[in-house]
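Whole structure, please, built from the sequences with the hints as guidance.
Taken in order, these protein sequences are the chains called A and B.
For the first sequence, the numbering used here gives the first residue as 349, with consecutive numbering after it.
For the second sequence, the numbering used here gives the first residue as 299, with consecutive numbering after it.
Misleading hints may appear alongside valid ones.
[To be verified] The following label-pair restraints were derived from C-beta to C-beta distances:
| # | chain 1 | residue 1 | chain 2 | residue 2 | range |
| --- | --- | --- | --- | --- | --- |
| 1 | A | Asn-352 | B | Met-332 | 56 to 62 Å |
| 2 | A | Thr-421 | B | Lys-392 | 41 to 47 Å |
| 3 | A | Asp-368 | B | His-405 | 49 to 55 Å |
| 4 | B | Arg-529 | A | Met-349 | 28 to 34 Å |
Just so you know, these hints were derived from the structure itself, not from any lab.
In this text, a Cβ means the ideal position worked out from N, Cα and C, and glycines have one as well.
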Amino acid sequence: MTPNLEEVTGFLYDEAHMLDSGQFKEWHALFTDDGYYWMPVSPDDTDRTQGAALYNADKAFFEISINRLYASTAHSILPARRACRLVGNIRIAGHEDDATIVRSKLQMHEYRVREIGNDDARVFAGTMHHALVHTTNGLRMRWKRVDIINSEASLTAMPLPL
Amino acid sequence: MAETVVKQAMADLIRPDAVDRRVYSDPTIFQMEMERLFSRTWTLVGHDSQIPEQGDYFQALVAQKPIFLVRDGDQSIKAFLNACPHRGAPLCNKAKGNARRIVCPYHNWTFKTDGSLIGVPLRSEYDAGVFNLRDHGLASAGQVGIYRGFIFVSPDPATDLLNFLGGMRSAFDDLVDRAPDLEVIAQPTFQRHRYRANWKLIFENLNDSLHLLGAHASAATALEMVKDQDRLDPIMRLSASAPKPEVLQQLVSRFYRYGHSYSAGIHNLGGGGVAAGHPHYDALAAARGKEEADRVFANPRHMSLLYPSATINARMGTVRLVRPIAVDDTEVIAINFRLKGAPDSVFQDLLNYSVVSGSPGSFVLADDIEIFERSQELYRHSDRDWNSVHRGTALTEATDDDAVVANGTSEAYIRNQFSIWSAFMDGSI
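Written out as structure tokens, the structure is:
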């Protein structure tokens, strides 16, 4: 049974809210066991084993990044970074085995207050692809790929996944 | 500024074991660094394999000046300022490409890859008695030097490339020797990041074994929290691990005359453990013999710093170019190499390691960047405040050929960086 547009839209909205509200472990659990999260540097990359990336982690290794977001010594998220994600232009782009490939656009505003110096505010924009599969627990991500429009730029730290 | 004044000003900034914080935040000092340090040392800009064919070019930045490197018809590599001699428009506008003839996009002045001007439109409007094409070729960006395929540029070298590299040549030897066919190929997509702080901070950080305990405490905690440890790749696990201080004290650091240094000593920290049965060892032994494989993989070296322009991680097949953009802005560009003749799994390891150690999304890098940026914010407001670089002065140092050998937790390599920094800045080199 393949999910329809309404179902995948609900999933994407819930996912964005989960990330915005800091439920990173719950979000990490939305990946299938063989799942992975990928943000390639080159928008032309089709094979995640062949090129540089902003993020490229299978679910097991990704757990380190996720755990760190809860550590009291994670300097780059102290004080916490707040984010507001807007997801739109959602389309079912195709199918891959039993997964439904969903294409959408993401805008994410990120902000953090600093006691010393200027506050940090920035915006990310790009295209997301989710490979969603039905499981007994509901929809899960087999993979998620995010291509921000400035992926090839030299960016400063991005501790929050998009 | 009279040279005696400069000498005194520089002497006032650097003490044997302390550094005035204005060296990280004063824009005038930064400009002096461009003129006196970066224009006279050799900057690593890339690798031979990025421009194999005639007309292949890539852009680079040396002492803040935009330049490009191009493969000429005689196979040599030339470096030119990326500005048309006519009205100064940039000639190359893509990061890399191929052009048999270099044509300025503004008024179509046309150059050969050796820099000579071969055509200007409306030639009849030029006074042939005054304007000779030969006098208006591309401006050289300085001398080009090549070591084991790595390309260096110096606008006005204080010494030749081999002498400048000194014992740090071994970092490049180590990288290339790890390729079973003795050839490495630069990958087209670079792993970049940026931090809003002074360029020197990365050079003071990457041989600082002790910062693992403070800056990267969260990575070690996060690693311990992973439930299913068996599923973690050993190379990837390395990126998050933080050894105990007494383990770090077993490290050694070696440093060289022109400010270069590396730390070494504990094989596992550098991602060692490549022995018979490992696909990389076996490929190298098959190509060049067991003895050579043993020699190459016995090298327990971690991060090498080529002051003031690059870092080299031979074990992970990666070279990082450090580009000062402004006094408080630095770009870091990692080039990953495929080792010719090595199995694909070797490339996978180094690529994975590069993502987790050199990408903006890295859980290691994020905390280094954070501490650099927070510090820079304070340095900006500093007036006669001092950074201590005293650690390790209670320990003895030894010399070994052209290197000084110190304890791996010592800040001796930072003192060494500032010793050559002062010599360039006050004009004694």
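Hint by hint, here is what the structure shows:
no., hint, result
1, A:Asn-352 with B:Met-332: 56 to 62 Å, "holds (60 Å)"
2, A:Thr-421 with B:Lys-392: 41 to 47 Å, "holds (42 Å)"
3, A:Asp-368 with B:His-405: 49 to 55 Å, "holds (52 Å)"
4, B:Arg-529 with A:Met-349: 28 to 34 Å, "holds (30 Å)"
Hint check: no violations occur; every hint is consistent with the structure.
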